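Engineer: Each chain, letter by letter, is given below.
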Amino acid sequence: MNTHDLHGRGRTGPRLGRTRLLATAGAAALVLTAGLASPLVPAAPRAHAAEGTQAGKDGKDGKDGKDGKVLTVAVAQSVDSLSPFLAVRLLSTSIHRLTYEYLTNYDPKDAHVVPGLATKWEPSPDKLTWTYTIRSDSKWSDGQQATAEDAAWTFNKMMTDQGAATANGSFVNNFEKVTAPSPTQLVIRLKKPQATMTALDVPIVPKHVWEKVDDFSEFNNDKSFPVVGNGPFVLTAYKPDSYVRLKANKDFWRGAPKFDELVFRYYKDQDAAVAALRKGEVSFVAGSPALTPAQAASLKGEKDIRVNEGPGRRFYALATNPGAQARNGKKFGDGHPSLLDERVRHALFMAVDRKTIVDKVFQGHAVEGQGYIPPRYPTYFWEPSGNRRLAYDPAKAAELLDRAGYRANADGKRVGKDGKPLNYRVLCHATDPNDKAVGKYLQEWWGGLGIGVTLDCLDNVTDPWLAGKYDLAFDGWSVNPDPDFVLSIHTCAALPATPKDTGATDNFICDKTYDELYAKQLAEYDPAERANLVKQMESRLYDLGYMNVMAYPNAVEAYRTDQIESITTMPAEAGNIYGQDGYWSWWSAVPADSDDSSGGSASTGVVIGIVAGVVVLAGLAGLFAMRRRATAEDRE
Amino acid sequence: MTADTTATPGPRTLTRQRRRASAARFWKQYRTHRAGVVGLAALVLCVLVALTAPLTVGADVRSVTDAPGGPLESPSARFPLGTDQFGRSLLGLVIWGSRVSLLVGLLAAVLSVAIGTLIGITAGHFRGWYATVMMRITDWFLVMPTLVLAIALATVMSRSLGTIVVAIGVTTWPTTARLVRAQTLAVESRPYIERAKALGGGHWHVMSRHVLPNVMPLVLAQTTLIISTAILTEATLAFLGLGDPTGVSWGGLLQDAREAGAVSSGDWWYLVPPGIAIAVVALAFTLCGRAVESVLNPRLGVSR
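Those sequence lines, one after another, are chains W and H.
The numbering of the first sequence is this note's numbering, which starts it at 105 and goes up by one.
The numbering of the second sequence is this note's numbering, which starts it at 11 and goes up by one.
The hints are simulated quantities; they were obtained by calculation from the structure and are not laboratory data.
Zero decoy hints are in this set.
Covered stretches of chain H, going by a simulated chain W footprint (3 or more residues, C-beta under 8 Å):
| no. | stretch |
| --- | --- |
| 1 | 69-78 |
| 2 | 89-97 |
| 3 | 158-169 |
| 4 | 250-259 |
| 5 | 270-280 |
Quick caveat, the model's predicted, so the values are computed rather than measured.
C-beta atoms are modelled at their ideal positions from N, C-alpha and C, and glycine is treated no differently.
Make a model of the complete structure from these sequences and hints.
Structural biologist: Right under this line is the structure:
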């Protein structure tokens, strides 16, 4: 359930560890609900209870309420914050995509940059001054005009207020000055050239609403509804871990969405969400992070349900602790010293059969891992060639370990420099079944080399992660069309300032060659040359052996065709629906004619409830009878 | 017996004889409880299966890399209970899982009963503030929902078998403590305890030589009953994902099934066997416990 934030974060922001932490706070309670809710009739009563409260809210709002076409999406991820300045999780940032316009957007067909709030953009000859033309047909939902002044205020706030820079600060680090000479003109002056100027994924907020906010690091934007925005939907209600409700913005400049309402409803248990989809209580299930192979297979034959599978934006990797350190040079954490040896890392790399992981764990719903960026982005996709490739070869891995001086003792266990047998702690997410499954394989593969593996499955991996107290860890990120962010998290600059701070770093990697390439690509405006630099970075990362990208999991999701007639995937050919780079899917979704399933599901729920009640009563009666007999026996 | 035979072998032989006789009497009475015999038979069978698992299915049954089947195959002649998502035989896994479930159940019950007995006897023996404090602590644990407490414990400690044992053990002892204390109070009010004290028997002597043997039957019955609770709790914790992620246990199998999406896909063979196994073993222990209880409980015994 919480896996989406680690794998599914498509956005810039601080480190993934922290988001995982937030996701898993109060783990016991969640686990309990998940556990209690999971047996065979899971969702019906809960879902209906939720519907009741929502209906109440609708009444209060007094607007379109129940008559409109409602698109219900089952989600598992919690919202970290509804403030665009703080939110980093996939669900929250998707909601911001829907409620605020960004300067630019990505085309659903091939992800090239298309106009958003800006209709046009032009760099100066020295590429240091960028002028954006802001559209004049976008209105805030309270009736005011959205202008360049709003955009300038948003960027300036992020540049001056540390609290407002939490989520998207990396975009404005290099900004010198942002001004709005006229309501339709936004001018950004840069200190150095920056390649991401047409991919500024920053929600533009209304100045007249947000200038009243005092503390941006605390304000979560979840107190007064509806929230003023100018995206295709307007946020109208939110209850933590229960639902998020959005109403269509009929005045949206690109055209009004076809559904009147969009509801993200929480199902902490994926089986419950699938059951709700079968019954028609929800229209769409994304899975967290994807439907399991068994679920996808069983839904495929179902009437009125379509399973959509597209190449994922994520990579799924095994990250090695390179000896955690801070920017001030202080080392911390307790990563195994043997992992500092590149030969050991390569040996571990070579003892992982990525093909088996794709075939057995993902059962084909993934692509074998190569470089850092998934093949979904062919411009930046890189794969190792020839003898640089660290293919599955346990014999060679054993040889490498021997050469590195980690020889097996009499029991067949490899011994470290301190004389103790090698045993690596692998940090895994208790919430992600794939982690546990791959962990079982690692145990056997590395066990074959004579290396022990302790699988440390935690609900909250953040604390040990931030403290550098792990040897290896399961890791994953969603990659944006512009790869700048996922590349930036491996630079030395992303390390925490001191061991006590939290840096943007993913895995404490700090490599000079990599950093030089990173700076070069960020300043490179020529797309081909930049792609070339990015590939060199990926190659460098691969050779270092700190990040073993095992697979690129597919997005496996399902929706009801009797509720959603059509929906845009991204990319258009065999793309995904949930977690796109843009608002295309929900904005474009067309309701099907017969959208009357809630009544049917209610009656199913009642029937199941009655049956369950009868069974329980019968059981109780039987038990009671037995007890009476037993006591009678005792008495005789 | 004549005087000279008792003189040399001493009271020890006598005690032994008495014990043997009472064991025989116990067994004779136990046999009259049909449910208890059925439960015992089921238990013996389960224990045999668990103990011989390395010979019958072998440790390789857990291996994911050498899994013989395809993912989630339905039951067939080759895999009588089908396969899991890695292609491992579920029959083998259920058999292998019995080892963990039984072991954890036994250890946790022993731990729980040990804590309960210790606190119960001391609280019954030393009256006054010590007993008050101990009983208030017991009350506190008694009103705490066991599962929540166990989940909290299992969350903060590392995920391993030991953690589960401890988590169950330290949360289920209060009932035992209460029972044992009541029995201790009853025993200590008997005249021979007073005599022992008058002859110079100290606290330790009274507690270990007189009270403990007298509460032992109760403790035994309680242990048998707690084992089934412990097995259920272990399965629950494992099902909630708090068990050892790489081990194979019945609760863990249910958790794997849930995570693989077997519930909504209708792959019943993944869910039903471990579920039935848990139910059968828990039931068997309960039946045994009830039978032992009714044999040993004086009030029920007399009326028979």
